[in-house]
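**Student:** What follows is the residue order along each chain.
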Amino acid sequence: MIQEHGLEYVGLGKIDGPLVFVRRITDVGYNEVVEIIDREGHPRIGTVLDVSDEVAVVQILEGTDGLSNANTRVRFLGRPMRLPVSSEMLGRVFDGLGRPLDNCPMPFSGEERDIQGDPINPWSRQYPRDFIQTGLSAIDGMNTLVRGQKLPIFSGNGIPHNRVAAQIVRQAKLLQEDVQFTIIFCGMGVKNDVAQFFVRNFEETGVIGKVALFLSLANAPSVERLLTPRTALTLAEHLAFDLGMHVLVIMTDMTNYCESLREIGTARGEIPARKGYPGYLYSDLASIYERAGRVKGGEGSITQVPVLTMPNDDISHPVPDLTGYITEGQIVMDRELFQRSVYPPIAGLPSLSRLMKDGIGKGRTRDDHPTLASQLFAAYSKVKQIRGLAAVIGEEELAPLDKIYLHFGDEFEQKFLKQQEFEDRTITQTLELGWDVISILPKSELPRLSDEFLNQYYRQDVAERAANKQAGKSDSEAKKVAVPAQDAAKLESDQE
Amino acid sequence: MANSGARFCPRLEERSTVAENGQINPGAKNGIIARISGPIVDATGMRSAGMYEVVEVGSLRLVGEVIRVSGDVATIQVYEDTTGVKPGDVVLRTESPLVVRLGPGLLGSIYDGIQRPLDQIQKHSGAFIRRGEKVSPLDAEKKWLFKPLVKEGDAVGKGKPVGVVQETGSVEHRILPKPGECGTVVEIVPEGEYTVESRVARLKGESGAIYDVFMAHQWPVRNPRPILERRYADAPLITGQRVIDAFFPLARGGTAAIPGGFGTGKTMMQHALAKWSDADIIVYIGCGERGNEMTDVLTDFPKLIDPRSGRSLMERTVLVANTSNMPVAAREVSIYTGITMAEYYRDMGYDVAIMADSTSRWAEALRELAGRLEEMPAEEGFPAYLATRLAQFYERAGAVTTLGGGEGSVSIVGAVSPPGGDFSEPVTQHTRRFVRCFWALDTTLANARHYPSINWLTSYSEYAEDIRSWWEQREPSFPALREEAMEVLQLEARLQQIVKLVGPDVLPDTQRFVLIVAEIIKNGFLQQSSFDKVDTYTDPERQVFLLGLMMEFYRRGKAVIAAGSPVVRLHEMKAVRKLSVAKSTVPNGDKQAMADLRREVGEELEALEAEYQK
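Read top to bottom, the protein sequences are chains A and B.
Counting in the numbering used here, the first sequence runs without a single skipped number right up to 688 at its last residue.
Counting in the numbering used here, the second sequence runs without a single skipped number right up to 645 at its last residue.
To be clear, the hints were calculated from the coordinates, so they are not data collected in a lab.
Possibly wrong hints are sitting among the right ones.
[Claimed, not checked] Once the Cα atoms are required to be at most 27 Å apart in a straight line, the calculated DSS-like pairs of lysine-lysine come out as:
| hint | chain 1 | residue 1 | chain 2 | residue 2 |
| --- | --- | --- | --- | --- |
| 1 | B | Lys531 | A | Lys595 |
| 2 | B | Lys564 | A | Lys549 |
| 3 | A | Lys635 | B | Lys589 |
| 4 | B | Lys553 | A | Lys595 |
| 5 | B | Lys165 | A | Lys488 |
Model the full structure from these sequences, guided by the hints.
**Tutor:** Set out below in structure tokens:
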């Protein structure tokens, strides 16, 4: 991909971390590609970050190890970074700049594209509404993914987000048509065995022919990671909007990407915003995430599932925080569920899919889906409250209704959320399971479900069993009155 | 890139000083680029350039604005991606500040941050926005039926219309002379079809100066349009959102902020307000947010019917979309573009509401640009002038008497996206100083899917007192009702602290009843679904009905408990569920359904009262 035109300079002015300063230059454009040839004659690629009459600041994507001020030749190529794109790139493995890593030649390509891409015109976007069935109840039922959405997985170190991502890749399909997704896997700073895990997974399930991998592993220079998602998405755009394919892009791990951005920002002496990350982190992440979507009149789509690990499981850390502000929801992994060996450990409450409302319901999944999901959320949130209370006063002291709620909470986690790694549930199965567990609660606790749905789907027998079970328990117990009413009133005045 | 051949800058002498409108601009002095750092470009030879002058940068003629002049060097923020721009490229001056073009055709349009129509850009460059596109904001071909309101010899005062154009089915566009221009009509065109370029009248001012009045005129975005005087904002902007209208109302000409972490529903609320507010015109500014959200508005609004005019909601809406992946400098200017258009419609005598989503992204654009300019940062890297800029923006809202003597208003609702949902960060804190209405969104409520997730304990509205007399004229009982309901909610919050420690069972029945009523208010009044056809909009009459009935249930329930009834009897009542779902079962204006519900609840209570009567 390196071409031979452009001016060549000998010697560098200064080397500082991943940046080099080239002096006395002419006709150099902003964001232009630079080729640096070191003492041994090996070329390295860089881009221009800042340019004036006298000096160009170049970030070297492959690191500055072994570069010296003298004996280094610099060539400005007079064009921004480009990627030759073609559908023959499927089934292949590339590095972050799009060069083959699998010892095969560069695929033939008739077209080169600027990897920065142009922003999609909001007027030309097609609103995403096609339901994607992932076979995971926690996602399909509660946080539905739709085609053209960007829905990240927020996880922590040690939590099996990669297995969940792989399961999504394996099982994702559209209800109406039996269209397989084309998959682009973009690994940034991931460990070698994580990459191996995905490759093996793709091979075992036979999808490897429809996957293109872009890998910038943990031991690759960190600056290369800045280009990896852009390279991957450039191919995705070609496949989706030129060739009409439905592309699913898995990007892992976005936290590593942001670390690289911080590294470059610090090297340039920029004024940092939060936690040392540059002030433009939001805009920079947006230029990646906003490349998901559909366009009017086009067949294809780009659906993004970025994966990021929250440092110290902190959702308010700048990386998950700014990501959540850009993406259309988030799937949050919960360490507590993971420790109780609930797989997938998808947290009930903080997870959200913003495009769910238009992708589900009558004619798309089932007419009771929206209100059922909303009622499950409300009830589960009450479970969390009651568990807090039970931790203080003990489960035995709870009111009968609260105990029914706890029973619901356990069943919801064990029957609805939990499933096997190779279990592919249909949306109908998911919704029926949802009714199985919500029916544990009496009808009066379900204000969000209409009478019509209650008549149609509510399991009277489940409710009765739950109530009997509860009554049986409380009858056998001696009824204890915890605090007399006067005392509670006194407690209240004490509080004030 | 398709146009890479053209990337090499032509020689200086080949470049003519042709401005956008095709006229030769002999006074223009061109500059030469000395440095490029992202969207910030330094150019030399710009000694005579003015602050905020618009320039065209490089061979692609990217639009930029001068933001600092130091001796010979001007610093320019460029509204488009600067890839490939080189030192030595030319900077072309236009000698004009950044302006918006105001005239018929704004409504129903979608613009980017510098008022380029996105639908026209699509025609030129397809689904992706190419750089250097130059498109006129208003369709120059389209003919509008102009009806004159004046005849030759009439005096036209400042800000008075010379004629009208029916811009959309619901909005009449009044053709105004530029602010400050007035005089005797010396020429007026007859009724007929004209384009936005047409001159429709000539006025002769007192000094003898002749003013040409065109169908459209321009106004610099950073200058507020003049008004005669400010009025006191004492009428509410009815939004149909119960928690807002009843508890935290916004006045016409008021300012409100919606702060909330991600996923708390800021955008959903902005959409609901844009749909149902009883303003005449809505300006929706998508500032650094998601592209799909603008698409949602674009696909949703044309299908929705304005309950007042019976016409499509899109007919009263202007969209300004500068999504997060579009250039950051244009994001900075997009809110000024939006508010200038709003002021223009205000000057015609309309009530305009602006939705700015999100002001935090705008503040971040300021921070990014300030960082590139190597300015000394204040808090969290934001520039020290952040508060001043926020104040300038929010102060452009207001209920006013227009130059022409009419009444109009601009209300601003700004979303704020605090990092980590932490309201102590600079943008939220400064915004709080300049708005009078604060709708704090709450993550816990949002997690339980209680939308709108406005926290009733931390939100406030200073307008509640200002508009009290408006309510008293219409529903004398309402202010008291509102206070009573608020008391129940606050009492409940206190009781919940005990419940958290020892459980609800230990509370006396009167207090447990408070919990039940608070639950009804939360489920049946505060929570509102924008997906339910009946629930999505609640007119003031129905709000009074719903809250009134709930409070009646509370008062009579309290009395019957005092008479000896156990609280369980009230909890078991069918009325509890009926009151909780009435928001979606009793439609606006359905007198029969309201009377039925009132009777049913009343009968159930009477039965219980009869049992415990002494």
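**Student:** A separate judgement is required for each hint: does it hold in the structure or not?
**Tutor:** Going through the hints against the structure:
Distance check on the hinted pair: Lys531 (chain B) and Lys595 (chain A) sit about 15 Å apart at the alpha-carbon level, within 27 Å; holds. The straight-line distance between the Cα atoms of Lys564 (chain B) and Lys549 (chain A) is roughly 14 Å, inside the 27 Å bound, and the hint therefore holds. A threshold of 27 Å between alpha carbons decides the hint, and for Lys635 (chain A) with Lys589 (chain B) the separation of about 25 Å falls inside it, so the pair holds. Taking the CA atoms of Lys553 (chain B) and Lys595 (chain A), the gap is near 23 Å; set against the 27 Å cutoff, the hint holds.
Taken as a hint, the Lys165 (chain B) and Lys488 (chain A) pair is honoured in the structure, with Cα atoms around 22 Å apart against an allowance of 27 Å.
Of the numbered hints stated above, none is contradicted by the structure.
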